[in-house]
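K.L.:
These are the residues of each chain, in order.
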Amino acid sequence: MPVRSTRAPWTCAQCLLKQKARRALLRRSISTSAAPPLPPASGAAHLTTRRLISLHGPDSPKFLQGLITNNVLTPPARQGSFYAAFLTGQGRVVVDVFVYPTQGSRWHGQAYGDGEPGYLVEVDANELEVLAKHIKKHKLRSKFKMRVLEEGEMGLWSSWREEGRWTAHPSQDSNQSISEEGYLSATDARAPGMGTRLLLPSSSQSGSGLPAELELEEAPLSAYTIRRYLRGVPEGQREFAREESLPMNFNVDLMGGIDFKKGCYTGQELTVRTHHTGVVRRRVLPVVLQSRGEEGGADLVYDSSAAELIDSVLGHEGAGLGEGEIRRDDQRKRPTGKLIARTGNVGLGLCRLEQMSDLSISGEGSSFGPEDRFMVQAKEGDGAVAVKAFVPDWIRGRLRGPKVQKRVEM
Amino acid sequence: MNITITPRAAHRLQTISETDSNPELALRVSVESGGCHGFQYLMSLINAKDIDPAEDTVFENEEVARKTGDYKAKIVMDEPSLELLKGSSIDYTMELIGSQFKVTGIPGAKSSCGCGTSFDIA
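Listed in order, the protein sequences are those of chains A and B. Mind the numbering: the first sequence is residues 1 to 410 in the numbering used here, read in order. Mind the numbering: the second sequence is residues 1 to 122 in the numbering used here, read in order.
Hints may be right or wrong, so weigh each one.
Unchecked claim - Taking lysine-lysine pairs in the DSSO-like style, the calculated list, with each CA pair at most 27 Å apart, reads:
hint : chain 1 : residue 1 : chain 2 : residue 2
1    : B       : 86        : A       : 262
2    : A       : 139       : A       : 261
3    : B       : 102       : A       : 137
4    : A       : 139       : A       : 62
5    : A       : 262       : A       : 379
6    : A       : 143       : B       : 86
7    : B       : 49        : A       : 143
8    : A       : 139       : B       : 86
9    : A       : 139       : B       : 72
10   : B       : 102       : A       : 62
11   : A       : 136       : B       : 86
12   : B       : 110       : A       : 137
13   : B       : 67        : A       : 62
14   : B       : 110       : A       : 133
15   : B       : 67        : A       : 136
16   : A       : 133       : B       : 86
17   : A       : 379       : A       : 333
18   : B       : 102       : A       : 136
19   : B       : 86        : A       : 62
20   : B       : 67        : A       : 139
21   : B       : 86        : A       : 137
22   : B       : 110       : A       : 262
What the hints assert, rightly or not - Partner residues aside, some chain B positions facing chain A, computed with beta carbon under 7 Å:
hint : residue
23   : 17
24   : 20
25   : 34
26   : 35
27   : 37
28   : 108
29   : 111
30   : 115
If you are wondering where the hints come from, they were derived from the structure by calculation, not from laboratory data. From the three backbone atoms N, C-alpha and C, an ideal C-beta is built for every residue, glycine too.
Could you build all of it, start to finish, from the sequences and the hints given here?
P.N.:
Structure follows, in structure tokens:
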């Protein structure tokens with residue numbers, strides 16, 4: 001009786017993929033740490049990926065007003081913290097920021113002890129120098145002082161609570177920048193359920209880092225990142241490349257970061273024109289990655305076991321950045337988007353909306369059907385995984401329908 | 001450091017000086033951040049008395065624009081503005097949408113916006 005070869009010649013690609021995944025899983029359990037755990041229902045994460053710059057002086061509101069996409073001077077002068085972006089003259093994103101007005105806060109009193117307006121600008125830690133240079137370049141004779149806060153001078157935390165699933169879109173006057181506990185804070189209104197950002201002075205950060213009165217467990221940074229990806233919220237210049245990305249492709253408008261009526265600011269020309277006369281065809285959407293062929297009833301959930309499988313094909317997240325092109329999974333494999341970030345099996349895709357979702361953006365309408373399949377190829381090797389984009393309700397709700405071209409009859 | 005004052009701008013300044021009967025008239029050009037392209041210039045008419053010699057540089061036209069008077073056009077710029085605008089010229093444009101003083105030919109400008117008052121330095 002002939003001995004059958006141990007490896008059947010007809011093993012299909014799917015099974016090979018699974019074999020490979022299993023082997024990689026074994027390897028990983030020895031060598032590297034496992035995929036990040038599921039984010040807790042309530043918790044707080046220390047955002048070590050972000051740093052702070054302080055602007056303080058009489059001209060600081062006017063100066064910021066001329067450079068950022070959101071309105072600093074909404075009469076009466078804005079008290080609440082808000083989300084915004086710095087743009088280049090050509091309308092590309094330099095950095096995405098949160099701005100915390102500090103006037104009236106305990107921190108402001110200790111640091112400056114005067115009635116002059118002041119702001120803390122929260123920025124991607126890797127782009128700290130870029131923003132500092134950008135501010136210096138535009139300062140000229142404006143009367144304010146800029147100071148980069150030392151790492152650890154103030155801790156930035158994102159906190160979320162189970163009962164706070166539906167963060168209301170903050171109205172501009174109610175959103176105070178000082179929390180009930182007296183900390184500088186911001187309602188993270190980019191998407192529902194993003195929670196609250198808190199700036200904790202180093203003195204209040206005891207051993208675990210979190211003041212006990214908040215009654216929150218510390219969660220790893222990955223928990224914040226996964227929650228962000230599940231909601232389709234991009235952040236930082238690893239996700240939206242500096243001086244390349246257009247704000248509306250990255251949902252800055254839908255996340256409440258652009259005031260279209262505020263008047264001149266750097267980069268306004270293109271932004272406003274696109275808003276009023278253009279069509280935003282590509283936007284960031286949350287995506288789920290799976291083995292190819294299994295993508296029937298995928299849900300938008302993070303699954304750490306699935307995460308390991310995806311890591312085994314695409315490599316560990318962060319290993320290869322600019323994660324790769326999303327293509328239609330058919331003969332022609334035409335690109336329909338880009339995977340811009342990923343943790344395990346969830347991530348963010350910059351997607352052509354009318355090809356990868358049922359959203360109708362232009363007069364042509366969506367070509368998407370439930371049988372359409374998309375995939376992303378590994379940087380190395382011939383592995384590939386299926387990609388499925390989701391349209392969160394908040395994006396669906398904040399998008400405008402396609403513009404109808406009205407013809408004037410003469 | 002040179003700033004060019006075009007004859008049209010000199011004429012206009014002389015006319016204003018004569019109608020206001022103010023021989024001390026000067027045009028201040030200053031740059032601020034903001035505007036669609038990062039920087040924008042602002043202009044105002046001032047009195048030569050208000051110039052701060054520590055900060056400001058005065059440019060005076062070399063000749064009288066119109067022989068009927070003896071006013072020489074003056075442009076005032078402060079230090080940081082001059083840094084950005086040196087080598088440019090001050091013009092007075094007459095267009096259908098309105099006549100205005102304009103800064104043209106800013107050597108460092110990479111791009112400027114539709115209205116022309118905002119520019120970007122490379």
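K.L.:
Given the hinted pair residue 67/B and residue 139/A, is their alpha-carbon gap at most 27 Å?
P.N.:
The hint is violated at about 42 Å.
K.L.:
Is the straight-line distance between the alpha-carbon of residue 86/B and that of residue 137/A 27 Å or less?
P.N.:
Given pair residue 86/B, residue 137/A holds - Cα atoms ~17 Å apart, limit 27 Å.
K.L.:
What's the verdict on residue 139/A and residue 62/A, does the C-alpha distance respect the 27 Å limit or exceed it?
P.N.:
Holds: residue 139/A and residue 62/A sit about 11 Å apart, inside 27 Å.
K.L.:
Hint check: residue 102/B vs residue 137/A, CA-CA at most 27 Å. Holds or violated?
P.N.:
holds (23 Å)
K.L.:
Between the alpha carbons of residue 67/B and residue 62/A, is the straight-line distance 27 Å or under?
P.N.:
Status violated; Cα separation ~44 Å.
K.L.:
Holds or violated: are the alpha carbons of residue 86/B and residue 62/A at most 27 Å from each other?
P.N.:
holds (26 Å)
K.L.:
Tell me if residue 115/B is really an interface residue toward chain A, meaning its C-beta lies closer than 7 Å to one of theirs.
P.N.:
violated (9 Å)
K.L.:
Does residue 136/A sit within 27 Å of residue 67/B, going by the straight-line distance between their CA atoms?
P.N.:
violated (46 Å)
K.L.:
Between residue 133/A and residue 86/B, is the straight-line Cα distance small enough, at 27 Å or below?
P.N.:
With Cα atoms ~22 Å apart, residue 133/A and residue 86/B stay inside 27 Å; holds.
K.L.:
Go through the hint on residue 20/B and say holds or violated, using the shortest Cβ distance to chain A against 7 Å.
P.N.:
violated (27 Å)
K.L.:
Holds or violated: are the alpha carbons of residue 49/B and residue 143/A at most 27 Å from each other?
P.N.:
Judged against 27 Å, a Cα distance of about 24 Å means the pair holds.
K.L.:
For the pair supplied as a hint, residue 102/B and residue 62/A, is the alpha-carbon distance within the 27 Å limit?
P.N.:
holds (24 Å)
Violated hints, in rising order: 1, 5, 9, 13, 15, 20, 23, 24, 28, 30; the structure is consistent with all others.
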